[in-house]
Every structure is written in structure tokens, then in C-alpha cells.
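One-letter residues, chain by chain:
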Amino acid sequence: MALMRVNPTRMELSRLKKRLAVAIRGHKLLKDKRDEMMRRFVELIKKNKEMREQVEARLTQALGEFLMARALMSAEVLEESVMYPTRRYDLKISKRNIMNVNVPKIDYEETSQEGLSPYSYGFAATSGELDGAVATLSGLLPEMLELAEIEKTSQMLAEEIEKTRRRVNALEFIMIPQLEETIRYITMKMDEDERASRIRLMKVKDMIEQRRA
Amino acid sequence: MPLPSYPYAAGRIFVLENKLLSRDRVERMAEAPTGEEALKVLAETEYGAGIAEIEGPHDYESLLSFEIRRIHSLMAEISPDPETTDLFFLKYDFHNLKVLLKSRYLGEEQDRLLITAGVTLSIELLKTAINEKDYAMLPPYLAEVLEEIDEAMDKIIDPGKMDTMLDRAMFLHIFDLLKRRKNRFAQDYFIRQVDLINIRSFLRIRKIGEDFRFLENLLLPGGKLDEEFFAAAMEEPTENIGDRLKDSEYSQAVSRGLEDFIKTGSLAVYERLVDDYLLNWVKAARWNPSGIEPVIGYLLAKENEIRIIRIIMVGKTNNLPPGVIRERLRDVYV
Numbered sequence: 001m002a003l004m005r006v007n008p009t010r011m012e013l014s015r016l017k018k019r020l021a022v023a024i025r026g027h028k029l030l031k032d033k034r035d036e037m038m039r040r041f042v043e044l045i046k047k048n049k050e051m052r053e054q055v056e057a058r059l060t061q062a063l064g065e066f067l068m069a070r071a072l073m074s075a076e077v078l079e080e081s082v083m084y085p086t087r088r089y090d091l092k093i094s095k096r097n098i099m100n101v102n103v104p105k106i107d108y109e110e111t112s113q114e115g116l117s118p119y120s121y122g123f124a125a126t127s128g129e130l131d132g133a134v135a136t137l138s139g140l141l142p143e144m145l146e147l148a149e150i151e152k153t154s155q156m157l158a159e160e161i162e163k164t165r166r167r168v169n170a171l172e173f174i175m176i177p178q179l180e181e182t183i184r185y186i187t188m189k190m191d192e193d194e195r196a197s198r199i200r201l202m203k204v205k206d207m208i209e210q211r212r213a
Numbered sequence: 001m002p003l004p005s006y007p008y009a010a011g012r013i014f015v016l017e018n019k020l021l022s023r024d025r026v027e028r029m030a031e032a033p034t035g036e037e038a039l040k041v042l043a044e045t046e047y048g049a050g051i052a053e054i055e056g057p058h059d060y061e062s063l064l065s066f067e068i069r070r071i072h073s074l075m076a077e078i079s080p081d082p083e084t085t086d087l088f089f090l091k092y093d094f095h096n097l098k099v100l101l102k103s104r105y106l107g108e109e110q111d112r113l114l115i116t117a118g119v120t121l122s123i124e125l126l127k128t129a130i131n132e133k134d135y136a137m138l139p140p141y142l143a144e145v146l147e148e149i150d151e152a153m154d155k156i157i158d159p160g161k162m163d164t165m166l167d168r169a170m171f172l173h174i175f176d177l178l179k180r181r182k183n184r185f186a187q188d189y190f191i192r193q194v195d196l197i198n199i200r201s202f203l204r205i206r207k208i209g210e211d212f213r214f215l216e217n218l219l220l221p222g223g224k225l226d227e228e229f230f231a232a233a234m235e236e237p238t239e240n241i242g243d244r245l246k247d248s249e250y251s252q253a254v255s256r257g258l259e260d261f262i263k264t265g266s267l268a269v270y271e272r273l274v275d276d277y278l279l280n281w282v283k284a285a286r287w288n289p290s291g292i293e294p295v296i297g298y299l300l301a302k303e304n305e306i307r308i309i310r311i312i313m314v315g316k317t318n319n320l321p322p323g324v325i326r327e328r329l330r331d332v333y334v
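Sequences listed follow chains H and A, in order. According to the working numbering, the residues represented by the first sequence are 1 to 213, in order. According to the working numbering, the residues represented by the second sequence are 1 to 334, in order.
No lab work stands behind these hints, which were simulated from the structure alone. We put the beta carbon where it would ideally sit given N, CA and C, even for glycine. Treat the hints with care, since some could be wrong.
Said to hold, decoys possible - Sample of chain A residues with no beta-carbon within 10 angstroms of chain H, all distances over it, derived:
#, residue
1, Glu-46
2, Ile-54
3, His-72
4, Glu-83
5, Gln-110
6, Ala-152
7, Leu-203
8, Asp-247
9, Gly-315
As the list claims (entries may be wrong) - With the C-beta cut set under 7 angstroms, the calculated list includes, among others, these residues of chain A facing chain H:
#, residue
10, Glu-61
11, Leu-125
12, Thr-164
13, Leu-177
14, Asn-318
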């Protein structure tokens, strides 16, 4: 382990000792943060996986129904049927704080006009296979919003965990050993100096006594 | 060019009928492993010219538009009664009306959804009329319904209602015109179409779980089965509508379609049977060289063909299993 380039002085030693104390404390805190984030993250991705599978299954179903409707209607007629949405939603995106990570929180509110059916088309020119697709999709929106929220949260947490992990490792394997080593080096150096000066003193004392004798 | 007359049109049509897709060829298309292969089977027919124009199997809609345009100009050339044959193209005009109206309410142009093939009213005309709310330049029956729509949409904009009002207006106009022209055959055809669409709307409402009030707004005018029939049917379990229609000529299509609907909740079989029934009905009348029957028969045969090609091409380009395609494949005319 490389030593830090410092002057082996008492000042420097006490400075380094302070830094070491901070580093150890920081390391412990970051490690706790990482562990807690991991725990939350595991919970989240479990839920995420479950929801994603659910939503995907229903989306596959709805898209399959759309495909069938598409086989019975021309592209223009199908798109005309759904070009004017009857359902409107207001989305509000706010922030929520998990372990100091700002994650999105999506709230929605339906602002559709009352008394409108979700079927935004006439029944004469459209195939019956369209109804199923529209019904499935219109029920799916809340779940998709929740999924979006959870998925983004997991992503952001994962990123933060990665960052924290790197910091913890940097502290644990580089900063702290380096500090410790440098402190040992300074202490040894100063001990050495002390011994040298003591020997010198003893030597001087010897020499004075010899002269007196 | 010879003057259009019934025997002349019948003569032309009888020749053209030989060029319609045969059952055998449809089978071969459905069996084809890929979209390209299916197109190859089609290229040997009168669609060959259109296929040369398109870029590949994904571009089949252009092919179908090309065909609709061709049929439309053929009708303009040979139809002994263009007003009646134009009624079969009216749905494209109404489609454009729906697109333009919805665009106006949305406040954004959606011109790519407009259909240009087979329309009887020019898009430019419709566009100006609708965007400027100046309906005087349109046929009076259109002006009337468009004004009604503007009024109805004043408070709540309900696109479903918009479509339905236009659909109704279309059929009212169709029956009105046919009554004036005393065209029994075409009238009978549209009566059957309206009835079967209304039955389908009834079944769709059943599936969605709405009540008669919802259905009432959707029913198309002019059919043999009136509102009371559906009001009564709404009170009973779904399968009873089959019994009610047992003695009518729809019984076959309805009973089998209903059976499948109750079992699977899908209207695919019903819709197929209805198309087959209507086609067979005109087919039975087509040997009348001095009437409009062969012309209408041919028109519907072509529409049917276009439906068949669309089903196959959608299936092929999306890798649907042949069984799913086959379940929806319609009968052929010849």
C-alpha cells in the first residue's frame, strides 16, 4: 500500500488520526445505508417482477386482440376508431425520498367527462374483437402507472446502491488502510527520531562524564 | 364505349368473375409459410399488377387500396345504376368524415388516416366543409347530420356517438335512396346487413355488460328486427336470441355464431358466418342478366376477397398460426 506523501510531523499525525476516525465512521454509516438500501431494493424488485409479469400478460392479450381486430378492419378504420380518446387522466409527478434518493411518485386522476363509455367508436364499422382489446387496456392503465413508478424507483435505487458500494469499498480497501499505514509510518518515524535524540543525549552525557574524569 | 346497360354490365361481370380468387388459391395462400410466399400465390392472379407496385408483404394495404380504386373505376365505367353501386362505397366517405370531424375536435390533422381509394366525395371538399363548418356545399343529408352532430357535441364530446350518428345517417340515406329508386334487391341486402350488425352490437353490449340504453343508441335503422325485438332480447339470457331467430333466415349464422360466442366470448366465428351468409345470399341471385344483381354480387365478392387477403396477410406478417387464420377465413364467391 502506497504511503501518502506527508511530512512526518506531530501536526500531520494528529490530522491523519482525525481523518481516520472520520473515515471509519463514514464507512460504517455508508455500509449501513447500503445494507438498508439492498433490503428495500430486494423487496422492490420482487414486487416489480410480479407486476411486470402481470402487466405483460395482459398487454400481450390486449395486443393479440388488437391484431385480430386489425385483421378484420383496415388500418385506417382501426386507427380512426381509437383516434379520439374518451378517457383522460391528469398525471402528477412528485418526489419521494427513500434513503436520500429522490424517487418519482406518480399520482393520477381521471378527468374524463362523465357518462362517456371507453368505447370511442361506432359499432357498425368496427369488429367485435376491438372491444376486448379496448376493455383490457382501459383497465390496465393504473397498473401500468404503478409499474412505471416501481421500475424507475428500482433503477434509481440500483444506481445509488452501486455508488454507495463503490464508496464503501474505496473507504474500506483504500482510504482506511492508507491512512492507517501512513499513521504507522509517522509514528515509527517519530519514535525513531526520539530514540535517536535519546541516544544522542546519552552519548553527550557519556562524553561529558569522560571529560570530567 | 358502349352505353352502360344491365346486359352489358352482366356480360362484363361474368367474364370478370372468372378472375376472382378460387377457394383453392385462398387455401394455398393460407398455407404459404411466409408473407412473401403468400404474395407470390397472389401474383399469379389479377392482383399481379398491384403487387408489382408495392414494396413487400408489409405493404399489402397499398395493394388493397389499389384494388379498391380499380373496382371503383370499373363500376364507374360499367355500372348501369351508378347511384346504387356508389352506395357500397359510401362507407369510405363516411370514414373520412369521421376522421375529419375527430381531427377538428382534437385540433390536430390526421390526414394519413384518410382513405383516398373508392371515395365518392373529394377529400378537399369534405375538409373545407368540415373545417369551416360550411356544410352547404355537401349533399343535404350530410349537411343535416353534421349540424346535428355539432349540436350534440356542444356539451360533451363523445366520439362514439359521433361515429354512431354518422353510421345511422349513412344507412338512412342508403334506404332512402334505394326506396326512391325502387331497387328491391339492394334494399333487401342492406336490410340483412343492418339486422346482422344490430345482432352483433347486441352481443357486443352483452359482453361489455352495458344495458339497453347503451344499445338503443347503437342500433342502426332500417332493419327487419326493430328496437322492441332487441329490448325484449335484452331482458332474457343471451342464448335466447338464437331461439327468437330460429325461424328467420339468419338462424344458421346466428345459432352457430352464438354458440361459439357463449363458449369463447369471441365474435370471430359470428362475424365470419355473417359475411358468408350475406355473400351466399347475393350469390344465389347473381344469374339475372337484366338486373343489378350480378354487379352487386361482384362488388361484394371483391370486398370479400379484400377481407380474405387482409386476414391472410396480417396473419402471415405477424406469424399467426394457420389455425387462427383459418378460423376467420371467409367463403369465396365462385
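To see whether the hints hold, each was checked on the structure:
1. Glu-46: holds (20 angstroms)
2. Ile-54: Correct as stated: the minimum Cβ-Cβ distance to chain H is 14 angstroms, above 10 angstroms.
3. His-72: holds (15 angstroms)
4. Glu-83: holds (21 angstroms)
5. Gln-110: violated (6 angstroms)
6. Ala-152: The claim holds: Ala-152(A) sits with its nearest Cβ about 13 angstroms from chain H, beyond 10 angstroms.
7. Leu-203: Non-interface label on Leu-203(A) violated, nearest chain H Cβ at 7 angstroms vs cutoff 10 angstroms.
8. Asp-247: Per Cβ check, Asp-247(A) is outside 10 angstroms of chain H; nearest 25 angstroms; holds.
9. Gly-315: It is violated; Gly-315(A) is separated from chain H by about 6 angstroms at its closest Cβ, not greater than 10 angstroms.
10. Glu-61: Since the shortest Cβ distance to chain H is 5 angstroms, the answer is holds.
11. Leu-125: violated (19 angstroms)
12. Thr-164: Since chain H brings a Cβ to about 4 angstroms from Thr-164(A), closer than 7 angstroms, the hint holds.
13. Leu-177: At 18 angstroms from the nearest chain H Cβ, Leu-177(A) fails the 7 angstroms test, so the hint is violated.
14. Asn-318: holds (6 angstroms)
Hints 5, 7, 9, 11 and 13, counting from the list given before, are not met by this structure.
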